[in-house]
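Take a look at the letters that make up each chain.
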Amino acid sequence: DVKVTQSSRYLVKRTGEKVFLECVQDMDHENMFWYRQDPGLGLRLIYFSYDVKMKEKGDIPEGYSVSREKKERFSLILESASTNQTSMYLCASRPQMAGGPYNEQFFGPGTRLTVL
Amino acid sequence: AQKVTQAQTEISVVEKEDVTLDCVYETRDTTYYLFWYKQPPSGELVFLIRRNSFDEQNEISGRYSWNFQKSTSSFNFTITASQVVDSAVYFCALSETGAGSYQLTFGKGTKLSVIP
Chain A
1 DVKVTQSSRY LVKRTGEKVF LECVQDMDHE NMFWYRQDPG LGLRLIYFSY
51 DVKMKEKGDI PEGYSVSREK KERFSLILES ASTNQTSMYL CASRPQMAGG
101 PYNEQFFGPG TRLTVL
Chain B
1001 AQKVTQAQTE ISVVEKEDVT LDCVYETRDT TYYLFWYKQP PSGELVFLIR
1051 RNSFDEQNEI SGRYSWNFQK STSSFNFTIT ASQVVDSAVY FCALSETGAG
1101 SYQLTFGKGT KLSVIP
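Just so you know, the protein sequences line up as chains A and B, in that order.
Quick note: the first sequence uses the numbering used here, first residue 1, plus one each step.
Quick note: the second sequence uses the numbering used here, first residue 1001, plus one each step.
Here chain B stands alone, though its shape is the one from the complex (with noise of 0.2 Å):
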């Protein structure tokens, strides 16, 4: 069954810093998609990026950037000059194809706090 760990539940930086958040998963098919959301505090959680698992180049998108390497099976998040706004909880997820394509495994999550 797929699974995927977030080890870090909390970290606190300071505004500028820059931060990685961690995500490690498990699958046994070929073929799977992963996906970091934000959830600010307002409740709703927000698509950031998506990935599929023969795509192994990172992306960058502004102060984000993405890690995924498959010999490890981690998707990394890094977020560079951090700011107040990026104070989030954020969740690594994966979603599998053949019988398991309706499910999206989440990660516990991690909780940013960026300080002023």
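The following block holds chain A by itself, in its conformation from the complex (with noise of 0.2 Å):
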């Protein structure tokens, strides 16, 4: 089975903190993301890797940086944390293979953010 872990379920930081949430998958997946989810808004895409290194901005990138050092793993990183970045933060990952587009997503369990 597929298995995609962050590194907390629940995270409790102050404003102006850098935050780190990660996220590592088991299964080799070339392509992974990072969403955010609010309610009424569904789940937003900050950023995705499509590989080592390689980065995308997503839909809502502003106050957000990644990193992908290594294929399995891949941060997301608040540089200085706001309360409108309280939020539930899910990584995902994906395998590009032939299908690309074609292959589902596997989530992780979800990070919720909480910025006081």
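It is worth saying that the hints were derived from the structure and are not from the lab.
Just so it is clear, CB atoms sit at the ideal spot from N, CA and C, and this is done for glycine as well.
Among the hints, a few may not be true.
[Claimed, not checked] If you want the footprint, here are the derived chain A segments under chain B, 3+ residues with CB under 8 Å:
hint: 1; segment: 75 to 88
hint: 2; segment: 102 to 111
[Stated by the list, open to error] Here are the simulated SDA-like cross-link-like pairs (lysine to any residue), alpha carbons at most 20 Å apart as the crow flies:
hint: 3; chain 1: B; residue 1: K1038; chain 2: A; residue 2: D38
hint: 4; chain 1: A; residue 1: K3; chain 2: B; residue 2: G1043
hint: 5; chain 1: B; residue 1: K1038; chain 2: A; residue 2: R9
hint: 6; chain 1: B; residue 1: K1108; chain 2: A; residue 2: P61
hint: 7; chain 1: B; residue 1: K1038; chain 2: A; residue 2: G42
hint: 8; chain 1: B; residue 1: K1108; chain 2: A; residue 2: M88
hint: 9; chain 1: A; residue 1: K3; chain 2: B; residue 2: P1040
hint: 10; chain 1: B; residue 1: K1070; chain 2: B; residue 2: I1049
hint: 11; chain 1: B; residue 1: K1038; chain 2: A; residue 2: T5
hint: 12; chain 1: B; residue 1: K1108; chain 2: B; residue 2: P1040
Both chains are sitting in their own frames, so use the hints and assemble them into the complex.
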């Protein structure tokens, strides 16, 4: 079974802190994604990475950065956390293979981040 | 740009009732993929089904069935004889090919509550 794990289920930080959210997948997937989920807004893509050291902005990248130094790990960084970044953050991975967009994404359990 | 609309924000049904969750999409691509995911209270999104744009055959899996109609750009999901375990948020999603192939565009979700 594909497993996507996220470093924390719940996280509380203060405004201005630097925050790292870690995501690890164990199935050698090329593509990895970070979403945030807010009530009434569904899932919105923050950043994605199609391979090691490669990254692309999603729909809402402002205030975030990412790092992918190893294939299995994709980190989301909040350089200076703000209260409007309080949200549920979901990581996902997907094999590239020949199918590309045909392949489903596999999701982690999510990190509920609260910024005070 | 692609768009997915789930007009039903919340639905409540009594156990054993049938329920249909609506999904309407917009895309300019002729080749695309549609997905349904389930998000139980635990938070992790679970893949349910995938459909490609060339396959309009309806699918049934146990109590779940999906109706894909290209003419109306809809991909509706029906649960027959609903059970309490079906209570979750359900997301419809669209993946295009070509330049947008890395992105999975989600609807805002429909929260289904099955009352015993």
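Original post:
If you check each hint against the structure, which ones fail?
Top reply: Per hint list: single violation, 1.
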